[in-house]
Structure formats: C-alpha cells, structure tokens
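Here the sequence shown stands for residues 1 to 110, numbered as in the working numbering.
To be clear, the hints were calculated from the coordinates, so they are not data collected in a lab. Heads up, a few of these hints could be off.
[As the list claims (entries may be wrong)] Derived pair list, reagent style DSBU-like, types lysine-lysine, alpha-carbon separation capped at 35 Å:
| id | residue 1 | residue 2 |
| --- | --- | --- |
| 1 | Lys88 | Lys98 |
| 2 | Lys96 | Lys109 |
| 3 | Lys109 | Lys88 |
| 4 | Lys46 | Lys61 |
Since the model is a prediction, treat every value here as computed from it, not as a measurement.
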Amino acid sequence: MLMYQKLNVTHICEDVSKILIATRSCFGHTSIDYTYQMNVLFTQHKVELIELFLSYINFHKAFFHQGYELLSIDTERDFNSISNQLTKMKQDNIQKQKILEKVHETNQKR
Numbered sequence: 001m002l003m004y005q006k007l008n009v010t011h012i013c014e015d016v017s018k019i020l021i022a023t024r025s026c027f028g029h030t031s032i033d034y035t036y037q038m039n040v041l042f043t044q045h046k047v048e049l050i051e052l053f054l055s056y057i058n059f060h061k062a063f064f065h066q067g068y069e070l071l072s073i074d075t076e077r078d079f080n081s082i083s084n085q086l087t088k089m090k091q092d093n094i095q096k097q098k099i100l101e102k103v104h105e106t107n108q109k110r
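Sequences and hints are given; from them, build the entire structure.
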C-alpha cells in the first residue's frame, strides 16, 4: 500500500507539473495578447488625438480666414478713402509749413 501511495503521489506531482507548465504558457500568451491590445489601443488614441488636433487647427484657420475676408471686403474701400485723405492732409500740412516758414523769415528780417 505504501508503494501504491508513492506511485499515486508521483503521478499527482507529474500532473500538477504539467498543469503548471500549461498555466504558465497560457499566462504568457494572454499577457502578450493583452500587451498587444493595449499597444493597438494607445496607437489608435494617438492617431485620433492628432486628427482631432488637426481638425481644431483647420477650424480656427477657416474661421479667421473668413473673418479676414469679411473685414478686408468691408474695410478696403474705407481704408483707401482714409489713405487718400491722409495723403491730402500731408500735402496741405507741407504747404502750410512752407507758408509759415516764409512768414517767419519775413518777420525775422524786419
């Protein structure tokens, strides 16, 4: 009977060893699969975040471009008018300055 128990214990140890090896192998495959899935998920999130950021930049670009176009259309005529008025004012000021210089010179001579 003692011999039978020894054989039985040896057989149980071999079975447990095989189960342990199978479990270790399964755990290894599962952990590799988990790591792969996490890498795929993080890569997808990176791509989605970059796409979202580019979409955000394009939105602002379009928004400010439209604003610039509206502003330039509405104000181009006004800017030209103001620019012409400023040019005329400069010329008038130059003429007035020359007249004042002549008056000053004549007053200095007296």
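Here is what the structure says about each hint:
no., hint, verdict
1, Lys88 <-> Lys98, "15 Å, holds"
2, Lys96 <-> Lys109, "20 Å, holds"
3, Lys109 <-> Lys88, "32 Å, holds"
4, Lys46 <-> Lys61, "22 Å, holds"
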